[in-house]
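A.B. asks: Residue strings, one per chain:
Protein chains: 2
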Amino acid sequence: MSVLRKHLFDLPEGVIYLDGNSLGPLPKCVAGRVAQMVTGEWGAHLIKGWNIDGWMDQPARVGDRVGHLIGAVPGSVVMGDTLSIKVYQALSAALQMRPARRMILSDSGNFPTDLYMAEGLIRHLSHGHDLKIVRPEEVMENITNEVAAVMLTHVDYRTGRMHDMAAITKAAHAAGAVMIWDLAHSAGAVPVDLAACGAEFAVGCSYKYLNGGPGAPAFIYIRPDLADQVDPALAGWLGHAAPFAFDLEYRPAPGVARMRVGTPPVLQMTALDAALDVWEGVDMGDLRAASIALSERFIAEVAARCPGLALASPHDPELRGSQVSFHFTHGYATMQALIAHGVIGDFRAPDIMRFGFTPLYIDEGDVIAAAEILGRILKDRLWDDPAYHARQAVT
Amino acid sequence: MSVLRKHLFDLPEGVIYLDGNSLGPLPKCVAGRVAQMVTGEWGAHLIKGWNIDGWMDQPARVGDRVGHLIGAVPGSVVMGDTLSIKVYQALSAALQMRPARRMILSDSGNFPTDLYMAEGLIRHLSHGHDLKIVRPEEVMENITNEVAAVMLTHVDYRTGRMHDMAAITKAAHAAGAVMIWDLAHSAGAVPVDLAACGAEFAVGCSYKYLNGGPGAPAFIYIRPDLADQVDPALAGWLGHAAPFAFDLEYRPAPGVARMRVGTPPVLQMTALDAALDVWEGVDMGDLRAASIALSERFIAEVAARCPGLALASPHDPELRGSQVSFHFTHGYATMQALIAHGVIGDFRAPDIMRFGFTPLYIDEGDVIAAAEILGRILKDRLWDDPAYHARQAVT
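Chains S and C, in that order, give the protein sequences. Using numbering that gives the first Met the number 0, read the first sequence as starting at 0 and increasing by one per residue. Using numbering that gives the first Met the number 0, read the second sequence as starting at 0 and increasing by one per residue.
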């Protein structure tokens, strides 16, 4: 069944948006809901909004909506903070769960902030932990019984290469390691079955395929049987068992709620909550089939028109997430030219052009048109135009 | 000069809002700016908003605006995350600055989340650090040369009792300790001169007296001469010297920018940025004089009408922040009755009724009217009405 629902998005005229893997576009229902929250809730109810408008429960309620898209049972996901913070929470908890081990295993395909957060944690713990970064294809052979935690991003932000969640989690568990998955490029992009996979932790952001808007809150999942044992390093008052008792001592809330830290960002939560409405009735299998059809078609069209581009993503769609990337020496200027011609993808140093495929609002016609425009830009060598060599965009 | 500018706020009819110390009301300019950001920036510019709408620079730019209100030089404050996270950042950095010391000194007037964050940090560091919590009046005598960091909230969230920032900071430094101030109830409430005080760190939130809205981002200040030496425990990619180089290794950005962690919450930042416009032309000395006049008048009016209430705040206005609290056995039900009669303050267990004085939108007439209504409620023993004994509000 088609999952296309372009009419639910506020897409600018004349734009083909292939960057929903970086920042999802604005769902039409968001502006009204945010405006209502600002004037009808904050303005009208003031402090009472925490109760009567349900602001205090939003992190759990919205977490369940996100959880539904990643195979997590209700009550196992909570929203808040940023993905970097959620990585820190998961990793610090994982290290406490394996006190005799000192190694964190990750790969060079992980998003850098995950690695930085691990480095910062290790430096401050000062217990001789080590972050071992291997190539993605070497992860399996490096999962030894010295590893405390395996921390990986499921879908590589540059190439779209996708790890086998089930197999790696199984290997991690066989070696006695804790598994942490970063689902930044997976949630809303590919089917994920957290409950079946058995990973202890998963984290992710909601401003990419979930269209929650710039700076939308992150999520964290804890496997339900473990949630009550996790000792939060970031022990904030809203993760306390009784925040409004104002005890001087910390007692963690039951379950994943202990991963809440400070006051939730209600404007962002409201925008995300509204944005999640576009997922109603979407079957993730249908979404995946549509995503593969779009990316395969794009690869074929580009291959036919742009012989200078080398596919940076796996050829096999089963090994890719919902994006396609190409290496091209003139990638940066070419992407600038593409954007100037209404096709928005993005560029990742040193030479990668990325295109995200989001079947909720991208269809076959968009994909063909984008490839045609890309073909013309390359044929006309527009990447040679100095206008497209301005300073690197922040994307 | 009067700082009253009630016309800039969207206050509900018939409400006297004495809870701006918990959540500031909606400044009128916010709704339009947020709506413009949602549709005119996110909707229209999509990913390009990070550059063309200045989203990426917001945390520093808005930080400077907040810094201006707390005596911080430009470039020494950055916005992001929540206050709990900022406490963790300051404290973890402070402990690294005093590696030979193991004690964190705080007081029982600190907001619980600050203490919880310290507990969580200590538990995970496992280096034998200790959190010593003394009574507020015992802080000075407990600042010894065993103390690594003194971590205090400037204005007590329950009583409004205000610490002497200059004197305590001086004592901390004399003992070789690092000073961390939580300005949650100070920023926009009382004059603060961070540059003169010399404290190493300050943190605070922006949803109270700064009216940034529910979940508005927090701020952190690092004394400029130290910022380049601070080693961030929460080493996120947007605190990296070159976030878009996507290096595998962390290198902190110069200065306080290293305290940025993940993707900033642009909707919340935009709301706060707009809300800060109401401060244009406000002299903090004038604000303080008006705040004292309002709180003194309220105390006098309440004393005349409500003999059953005991002042929980210092009598001397120089020792108070911008709030006044009373002990009252029936405080919870009385506050519910007050709210039902249009006077919004709040309640803090076990028996404290809090009233915040915010001279930008509260005037003498409001204060007298609030005291009159409180007097009637007590005279009529409305706290005895079962209608006001519902479950404790989350405020």
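Hints in this document: simulated from the structure, not taken from any laboratory. None of the values given here were measured: they were computed from a predicted structure. Be careful, since some hints might not be right.
No distinction is drawn between identical chains; accordingly, a pair holds when it is met within one copy or between any pair of copies.
Unchecked claim - Heads up, simulated DSSO-like pairs for lysine-lysine below, C-alpha to C-alpha not over 27 Å straight-line: (1) K5 / K47; (2) K27 / K5; (3) K378 / K47; (4) K27 / K169; (5) K131 / K5; (6) K131 / K169; (7) K5 / K169; (8) K131 / K47; (9) K378 / K5; (10) K378 / K131; (11) K378 / K27; (12) K131 / K27; (13) K169 / K378; (14) K47 / K169.
A.B. asks: Each of the hints needs a verdict: does it hold here or not?
C.D. replies: Hints versus structure:
no.: 1; hint: K5 / K47; verdict: between (37 Å within a copy, 20 Å between copies)
no.: 2; hint: K27 / K5; verdict: within (10 Å within a copy, 34 Å between copies)
no.: 3; hint: K378 / K47; verdict: between (61 Å within a copy, 26 Å between copies)
no.: 4; hint: K27 / K169; verdict: neither (41 Å within a copy, 55 Å between copies)
no.: 5; hint: K131 / K5; verdict: neither (43 Å within a copy, 58 Å between copies)
no.: 6; hint: K131 / K169; verdict: within (19 Å within a copy, 44 Å between copies)
no.: 7; hint: K5 / K169; verdict: neither (38 Å within a copy, 61 Å between copies)
no.: 8; hint: K131 / K47; verdict: neither (49 Å within a copy, 35 Å between copies)
no.: 9; hint: K378 / K5; verdict: neither (31 Å within a copy, 62 Å between copies)
no.: 10; hint: K378 / K131; verdict: neither (43 Å within a copy, 70 Å between copies)
no.: 11; hint: K378 / K27; verdict: neither (37 Å within a copy, 53 Å between copies)
no.: 12; hint: K131 / K27; verdict: neither (44 Å within a copy, 52 Å between copies)
no.: 13; hint: K169 / K378; verdict: neither (48 Å within a copy, 69 Å between copies)
no.: 14; hint: K47 / K169; verdict: neither (47 Å within a copy, 40 Å between copies)
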